[in-house]
Amino acid sequence: MSFRDVFDRIRKRMRDLMEEFEAEIEEELSQTYSGIIQPLYTVTEYPDRYEIVLDLPYGDLNALSVKISESSLKIECDLVKEVKFEKWSIHRNVSFKRYKVELKIPSDADISGAAITRDPSKHLIKVVLPKKK
Amino acid sequence: MLGRPRRTLMFNELQIHEYYDAYASPTPKYMILCLPDVGLVSSIACRHIVMEKKLGLVGEIDSPTLLPPISVIHDSSPISPVQLYMPEDRGFLMVLSEIPLPPASVFSFVDAVSNYADEVGVEYLLAVTGLAVPNRLELEKPQVFVASSKEEVYASFKEGDIEALREGFIVGPYALLLKEGRRKGFSTVIFLVESFLDIPDPEAAAFGIAALSRFAGIQVDTKKLLEEAELIKLRTRDLMRQTRKAMMDMQKQMERQMPLMYM
Numbered sequence: 001m002s003f004r005d006v007f008d009r010i011r012k013r014m015r016d017l018m019e020e021f022e023a024e025i026e027e028e029l030s031q032t033y034s035g036i037i038q039p040l041y042t043v044t045e046y047p048d049r050y051e052i053v054l055d056l057p058y059g060d061l062n063a064l065s066v067k068i069s070e071s072s073l074k075i076e077c078d079l080v081k082e083v084k085f086e087k088w089s090i091h092r093n094v095s096f097k098r099y100k101v102e103l104k105i106p107s108d109a110d111i112s113g114a115a116i117t118r119d120p121s122k123h124l125i126k127v128v129l130p131k132k133k
Numbered sequence: 001m002l003g004r005p006r007r008t009l010m011f012n013e014l015q016i017h018e019y020y021d022a023y024a025s026p027t028p029k030y031m032i033l034c035l036p037d038v039g040l041v042s043s044i045a046c047r048h049i050v051m052e053k054k055l056g057l058v059g060e061i062d063s064p065t066l067l068p069p070i071s072v073i074h075d076s077s078p079i080s081p082v083q084l085y086m087p088e089d090r091g092f093l094m095v096l097s098e099i100p101l102p103p104a105s106v107f108s109f110v111d112a113v114s115n116y117a118d119e120v121g122v123e124y125l126l127a128v129t130g131l132a133v134p135n136r137l138e139l140e141k142p143q144v145f146v147a148s149s150k151e152e153v154y155a156s157f158k159e160g161d162i163e164a165l166r167e168g169f170i171v172g173p174y175a176l177l178l179k180e181g182r183r184k185g186f187s188t189v190i191f192l193v194e195s196f197l198d199i200p201d202p203e204a205a206a207f208g209i210a211a212l213s214r215f216a217g218i219q220v221d222t223k224k225l226l227e228e229a230e231l232i233k234l235r236t237r238d239l240m241r242q243t244r245k246a247m248m249d250m251q252k253q254m255e256r257q258m259p260l261m262y263m
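Quick note, the sequences are listed as chains A and B, same order. All residue numbers in the first sequence are consecutive under the UniProt record's numbering, ending with 133. All residue numbers in the second sequence are consecutive under the UniProt record's numbering, ending with 263.
Straight-line alpha carbon distances no greater than 25 Å define the calculated DSS-like cross-link-like pairs of lysine-lysine that follow:
#	chain 1	residue 1	chain 2	residue 2
1	B	K223	A	K122
2	A	K87	B	K54
3	B	K224	A	K81
4	A	K84	B	K223
5	B	K53	A	K87
6	A	K81	B	K223
7	A	K74	B	K245
8	A	K104	B	K245
9	B	K245	A	K12
10	A	K87	B	K224
11	A	K126	B	K141
12	B	K150	B	K179
13	A	K126	A	K100
14	A	K97	A	K84
15	B	K223	B	K54
16	B	K224	A	K122
17	B	K224	A	K97
Here chain B is said to cover these stretches of chain A; the calculated rule only asks that three of the stretch's residues, wherever they fall, bring their Cβ under 8 Å from a Cβ of chain B:
#	region
18	52 to 58
19	120 to 130
Short, incomplete list of chain B residues facing chain A, as computed with Cβ under 8 Å:
#	residue
20	P134
21	L137
22	F196
23	L197
24	D198
25	I199
26	E230
27	K233
28	L234
29	R237
30	M240
In short, the hints are calculated from the structure, not lab data. Just so you know, even glycine gets a beta-carbon here, dropped at the ideal spot from N, CA and C.
Chain A extracted, bound-state conformation:
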């Protein structure tokens, strides 16, 4: 392989990374400007299951929507009240009113055994996905 090929491969990899980064930022910004925010979540893998904890501060857990398919977990939830940060220049005109996130489900997860628990006092939900036997 010539030096030229190596540099071409590096350039392509950098271009791909930049495109990936830009797409991520664009998606985040377009959602944010429409008042939609992606919640924080943490995934823990156990030998027999996956546990996904999602943080939904001010989330109205009575209006929680959870859709599970073979490949993804979609969660949407309204905030109990709109939240605005007026002193934060880039978002001064934005009211945050809805959470939305789509997570990829590992291929060895058994979605038929999915269980959801809610902690309304802390505005957290936990989705447990057992592993296929």
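Position chain B against the provided structure of chain A, taking the given hints into account.
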């Protein structure tokens, strides 16, 4: 708006700009270090202390090589994202960073800050941070652990509900603070509160403040912190994301492993 610093000191490649007289009396006994880490426990706790105790901004830390070129604007005043705070009674100094430290800068940063603490005569380097546990959601009351560079500090916690951290890995700036503290003869005390890894945890921060208050006699009411927990979690969402990336770069997941030389 802050004007020009009274004095600028250089440690490694870190500039410490002072807007106060570092040698006036009394000498601050404690320096509290606050860097974004697990569950943002440290950041949430220290931000609350700054607000609740109405600490004054007395300095800022910058670096042309160790920190990214960032200026944070507060009340229209441009300052470094790493700031120094102190109460009117000069009881303690606080170093608070609003950004996660780049992993490559951690060693030089901790070394410089501990040298500065020595320069101004601080006796104890303190910090509150999170200790990620997978069952955090199920815990009603997170356990507080203490890790220190000095044996006698552990003795003061023999009775009470704060446990000594006996075995395990600590990764990140506080790990270096402990090691460097022991090697240089500083008294470093780190309170580690069971928390979420990458979800902001104001409740754990409140437990951390209580431990800090008990050790250093800094009385801080955490009622408002708990009342505003939801808003704090929403506000700190982006910082938590950045911190998660920095933690992964620092091999933070090692904290869940058992050390080879476990006794």
